[in-house]
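Given these sequences and hints, build the entire structure.
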Amino acid sequence: MFDNFPLWPEQASSVAASVDALYIFFLIVSIGMTALLYFILIFFAARYRRQPGIKATPNEGSLVLELSWSIAPMFVFVAMFLFGAVVFFQERTPPKDATEVYVVAKQWMWKLEHMEGQREINELHVPVGQNVKLIMTSQDVIHSFFVPAFRLKTDVLPGRYTIMWFRATKPGTYHLFCAEYCGTQHSGMIGSIVVMEPAQYQAWTNGGSTGPLSVEGEKLFSELGCATCHRQDAQGRGPALAGVFGRPVTLEDGRTVVADENYLRESIMDPQAKIVRGYKPVMPTFQGLVTDEQMGALVAYIKSLAPAKPADVLNKASLTAPDRAAAKGGQAR
Amino acid sequence: MSDQHEEHSSSLGFYVGIWITLMVCTGITVWAAFLDLHQFNAAVALIIATFKATLVVLFFMHLRGAGERLIKVWVIASIFFMLVLIALSMADFGTRLWS
Amino acid sequence: MSTPAAIVPAVEREDYLNKEYGVWSWLLTVDHKRIALLYLASVTFFFFIGGIFALLVRLELLTPAGDLMQADTYNKAFTMHGMVMVFFFLIPVVPAVLGNFLIPLMIGAKDLAFPRINLLSWYLYIFGGSLMVHCMLTGGVDTGWTFYTPFSTAFTNTKIIEAGLAAFMAGFSSILTGLNFIVTIHRMRAPGMTWSRLPLFVWAHYATSIIQILGTPVIAITILLVAAERLFHLGVFDPKLGGDPLLFQHLFWFYSHPAVYIMILPSMGVISELIACFSRKRIFGYNFVALSSIGIAVIGFIVWAHHMFVAGISLYAALIFSALTYLVGVPSAIKTFNWTATMYKGSIRYDAPMLYAFGFLGLFIVGGLTGLFLAALGIDVHVTDTYFVVAHFHYIMVGGTLMAYLGGIHFWWPKITGRLYPEGWARLAALIVFVGFNLTFFPQFILGYVGMPRRYYQYPPEFQVLNILSTAGATILGLGYLLPMIYLTWSMRYGKPAPDNPWHAAGLEWTVQSPPTTFNFPQEPVVTWEAYNYDEIDDVHPHEEAPVAR
Amino acid sequence: MFTRTRRPPLHDSAATAHHAAHDNPALLHHFAEESQQRNAASLGMWVFLAQEVMFFGGLFCAYLIYRLKYFGDFGAASQTLDIKLGATNTIVLIGSSLTVVFAVWAAKNGRRSMLLINLVLTLILGCAFLGIKAVEYRSKFVEHHVPDLGFHMDEPTHIPGHPDIPVNQRHAEMFFSLYFIMTGLHALHMIIGIGLFLWLLIMAWKGRYTPQYNTPVEIGGLYWHFVDLVWIYLFPLLYLIDRHP
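Chains as they are written, first to last, in numbering that gives the first Met the number 0: chain A, 0 to 332; chain B, 0 to 98; chain C, 0 to 549; chain D, 0 to 244.
Keep in mind that the hints were calculated from the coordinates and are not lab data. Just so you know, not all the hints are guaranteed correct.
[As the list claims (entries may be wrong)] What the simulated footprint calls covered on chain D by chain C, stretch by stretch (three residues with Cβ under 8 Å from a Cβ of chain C suffice, anywhere in the stretch; the number is not a length):
#, region
1, 31-45
2, 53-63
3, 173-187
[Unchecked claim] Pulled a few chain D residues facing chain B out of the computed Cβ check, cut under 10 Å:
#, residue
4, Gln50
5, Trp204
6, Gly206
7, Thr209
8, Phe234
Every residue, glycine too, gets a C-beta built ideally from N, C-alpha and C.
Below, the structure written as structure tokens:
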């Protein structure tokens, strides 16, 4: 409408249309309901206004009416719930082929790291049409990653990862807000999402990369001495990590958990929390030794390790080359 | 209203009986804690505790003698909503690892 | 019941107001009516303080840049607005003022069951309120009224513990009020006042008391844990120390969602009284309206995590809580439909209390329906933590609770003070409040959907026009609230003396003199009639019959 | 239209008056008769206890979540608690519950000396409980098991049942955080209870309680039993976890 009087937000992601459809459905039901009730109220107020000599007609209520207006809304509610839940599933289920961005929030800025190694602050460049998965954590308090044009928002918590995904559908620059109150400069913790045509994006990627994130992770992996135990031949004191991401892991106490980003993070920060069956709890904690950015690199590296084929677990020697395509195949969330 | 309907002379002996039961239960719960019941240790401890609590509420606090349902409703309501708090919190904490 | 409007006698009668004079006769009173007036004065004071903070917030948002105040000042302003309004105004306002005054009168009792505990709860409230004011004057708090961890426990250096203690005290006061109501409603009813004859106002307060008693202790322990965490670094809510910040949110919302119903249920009770009286009819579907109050109270306890859909709870928990949330819409819908149906073939008058009731219905319908938007997972992800939520809960809290409170205050003002308020001014105020309210908060729905997050003190320029509309509305709304404060205060001294039953309303409270005597009833009443027996009462009216003048 | 009649019984206050209202100076002005006053007080205390259930319920919820999250570490930390002292305290509290029911019985039956003796016994047992608790707290201080005060737990070093898994100190500290909060709030309730019973003792000494009027003893007793109930749960939850070899 007017530049400074927007009535509807821009629609720039694949789920935005679904959310808008859902919203319009709710609007129609609500406006219909409001109009109906307002009409009845005004009609009654006018029709049955007090007039001399006319007394109110008593009535005691009606079970049929009561039951019908108790039960009828339930059907509408079930429809509303289901429609909302379907859209929510869509919002919360990242596609398997998504490219990944590690997000670290802190008071009061956003730090973003691409898989390819580009680092950005308060700005995220993404190509149009590409599925992007954000793996987010916070260094201090709770923040919330909110892009109105994408109709998406997810809280960013300290001490764990939360996941969000989108596919931008329209080139442009969109607001990125922190939506969870986080202190003094909460309203300054804003940035932008720059959605570019693939060709432009390619040009952008070519500058400013320090090498893929997984390579940095690999360097850390050997610097921190992880490789001495997590050997590739499964003969080490720790489990081999190739292909572990996205797979179910059987624990010492018999539980089975899926090795997602949060599992990897926890296993580095608090190794004793979940011991893999058949291994000794000998790993030291890396709490305080690994920053959130380094953690992102380590997780990216572990995810990049190709799964060993079941037949040649023991003799497959060269797994170091990042084979993201294969690793992505195992993503569960 | 409480326990005015009970015979007064016999209730003292009855109280002692309840007290002895409570003492025995305390003994049992300590003893059971040292048995290896696998994952059932906690369940056994909580069942015994609930049994003891029920005895105290019914007989020492005279809930059983309370002539009206109202107080029982309030007791049950408070326990119910405490369980709601725990159960629905667990609906989140218990399913975070599911994928 | 069918006695005509009593003629105000020439000699002054003894009542609860003129029985004793002096400060101590008020500060040490155990009369529920005087305690209600103490609450009336104190909640009005806190409403004023909260209102000033609201005005500051709206003024700052007039321009996109943060120019009127510092970011920290703004953060403290909205925090103080929220804390004062929630803990010291909305939660006590209807129960502690109208409930306190009316419940014994409505059920035919001399007083609440525990008059001294009633006074104690006012002192706890005042003690908590003084702490809050002290906290405000010496620096305030900047966490938002939700004081989410770990920001509140490990990062902010404002006075969390003091503010928490203030909320704790107010909560304790609220528990004791609820306890008093429960026992009073069970034990103090006059002969013949069966449950099915109770005014719906009393039913609503019973439901409210359930929440006050079973919900408030959870926030009390949560506040204690936050305080202990700040002092001793327990780690229960701090992820750096192995805790889970979401546990805080669960415990917090376990109380704070039902607390919304503590705020709205008593108001629904008021509305039931107003609509019945001014339609001159028994409320339609009495049993359903009564039981839906209890239904709201119970279901209100199982929906809390809908505040946390994007907070990192599991997908499954989100689905469960979304589904449960829709359940609470059913009893609210039942109430709305029954109120509407009550007006059918009624004999409707548009006196100021009824105008407020109309206002309540109009705003509550919008507030309730937008609640459905927020319960829908797909929409909630987009609009939670934006101005959409702000608009939604103001439609319920301010559009609902405050409208009903004002309607109730006008309706029972003759009973409380023995004076009539100026009707013309009151109708004007009702109109101004309704218009001002919508202008303030309706633009915020749009603002929220286009994406303006809440608790922002500066914002991108494209949001400015909507914010200007909202601030303009807030100014009108502020004026609308000042008006009743002025003319009601004026009427206490200069208003026409009120007859005992100016509205020719049903209900025990109208059978006693205005204002009532200290022990309410000259003799213990015996109730032989059903609630809202308007068909047995003549509907002459004070403003047309002017019984005072004759 | 107002007639003075006897109160017809309401369905939730089935009471018949035994004594005329003006007989009893303890009857407050706004109650019609004693049974109404007694029933109001007793319901009030029960509703208050419902409130207390939720208060401790929040704590139990927090405890349960962390117990499940840090299962082994909690088990290990629990080993440092002295089960003998814990069990003794359980016995002491259950014993005090017995003296309380005796006191209530004595008050209802007009046995003044029995009432006094049992109130005194209750107070002694209550103080004994707090004394033993103090001994436990002291040893926790000495062993540096108090969170945020140079916390370290030397023994046990490993998780019960898993001799190869070392204890996470931070998670053990969380156990003690919850231990101190839970037992501390329970002890606070005990102290309030002791204050209450001192007052009951004074009033009983003055001969205030008669078979007709003994509500304070009855509702004070309800409160005391509730505090006992909380301990009945705290004992197994804090002391008796993962004890088996």
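* Which of the listed hints are not met by the structure? -> 5, 6 and 7
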